[in-house]
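There are 2 protein chains.
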Amino acid sequence: MSPAPVLKDQERGFLIPIGGAEDKEADRRILSRFVELSGSENGDIVVIPTASRLDDTGPNYLGIFDGLGIGQVDYLPINSREDCDNPSFFDVLDRATGIFITGGNQLRLSTILGGTLIAQKIRRCNAAGIPIAGTSAGASIMSEHMIAGGDANSSPSEDGVNLAPGLGLTNAAIIDQHFTERHRLGRLLSGIAYNPFLLGIGIDEDTGAFIGPDNMLEVVGKGSVTIADAKGLTYSSMGHVGHGEPLSLLGLKLDILAEGCRYDLDKRQSFPPESTTE
Amino acid sequence: MSPAPVLKDQERGFLIPIGGAEDKEADRRILSRFVELSGSENGDIVVIPTASRLDDTGPNYLGIFDGLGIGQVDYLPINSREDCDNPSFFDVLDRATGIFITGGNQLRLSTILGGTLIAQKIRRCNAAGIPIAGTSAGASIMSEHMIAGGDANSSPSEDGVNLAPGLGLTNAAIIDQHFTERHRLGRLLSGIAYNPFLLGIGIDEDTGAFIGPDNMLEVVGKGSVTIADAKGLTYSSMGHVGHGEPLSLLGLKLDILAEGCRYDLDKRQSFPPESTTE
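Going down the list, the sequences are from chains R and G.
Quick note on this note's numbering: the first sequence kicks off at 1 and runs consecutively.
Quick note on this note's numbering: the second sequence kicks off at 1001 and runs consecutively.
It is worth saying that the hints were derived from the structure and are not from the lab.
The reader is advised that the hints may include incorrect statements.
Quick list of in silico lysine to any residue cross-link-like pairs, SDA-like style, CA-CA up to 25 Å [claimed, not checked]:
1. K1253/G to E181/R
2. K1231/G to T234/R
3. K1121/G to R1081/G
4. K1222/G to Y194/R
Here chain R stands alone, though its shape is the one from the complex (with noise of 0.2 Å):
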């Protein structure tokens, strides 16, 4: 599903896929800035704990952005499809500013909220101008084709990855979560050679990419955020490799960007960070 359409006058909001284990307890400089975004003591956080199993996930993050200095956060206690046609909870994001969706399991958090109202509203919330951001599921959620799954291993093949339609809050890349931690860029260039007009994000843990209305992507954090570009590829296996065999794919391209990079996710080109002289 392609993102919401921005009306007129309006300009589409922050998405700020988070690569998991964001610190919530010392510098928290990703949802620092997530709660800059959202309006700070003017704002209002509404957290989507759905992808968590844990009943004390919302509950956990009120806590953590309360003490960031939000104005108001609520969560949305969403634990099957029946919960999303609440009507408290439309009222609720009727006042959002800001839109948090935790980790957990990407797959539960498309097979509760997919097709739901609640779905439709977040992604116009995102259209009006609404910040999301979303950490490790919460992160790969965000995409129209989801990572649900996948190998752990550097090299792509034929079956590297599992995919399924995610929340479609964007449908310029892939995102993936974990990424250095847990040995993912193969899944990730497997997704990407399956359809290269997809760009692959890969984002470690701590580490967040913000990515403006303009889609330029920035790099927050303590890792490092990974894209991915098969546009040039000039020879590709995909098409015809057979189950477990290697994969051939010429012409790839790979940027690593710490923190303070850029990249134009429309241009496909990358920036240093601004304050660089060399």
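Start from chain R and add chain G according to the hints.
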């Protein structure tokens, strides 16, 4: 150390780094092709088992090459720098039409062989046209700048790889092995980021990179060969990144080659299998 010079009217021999765990019992595709390049029933392969601490590594390969129809096969029981002075070993190498360097620890190879007349002899043999294959540690040792160790990680870092001087059979590339199996992209990328004149060649298990006298590499075997090229880097933070900090490398090129794909190491250009009609 640069490769030994090729004398007038001679042509350098094939270099065949193998990613380790090459098939020794079933189709033995890689070893068979090496035996052919070494002259088959008219050939004489010399095995250098020095990387291995196991006494049966040399004898085992005698049986393997014998079973593949080589005319003669010997091994040199070199276990110390003193052994490198044994004059009978030079006589054996004088007859060689192929040299095979076994796996083990590449630092054992470099510390025992480095700077000896045996090392010089091996280098001159290759310059005079004799093919040299090496598996695992025997593949790594071929590089002028040898990967001695490093992180098992898909992301590069400031201290992600330990380099040591190798045998210098090629100075075009650093070579890594057990590549996908041991998550070694990060250390390969670290190596080429140190000095982008180097290509990075990462070879999977049971996979060989047959590098001809024209520096054209062809892949044979069950896995893939990953070639990383940092020559087009538009930005690298390697020169100023702090210890343990994430690294930025913008503009890397990556080619993943399965069997039949080729790569021109001089022009840094990849080619699909020749039979491909796409």
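Review point. Hint numbers the structure violates, sorted upward?
Key: Going through the list in order, the structure violates no hint and respects every one.
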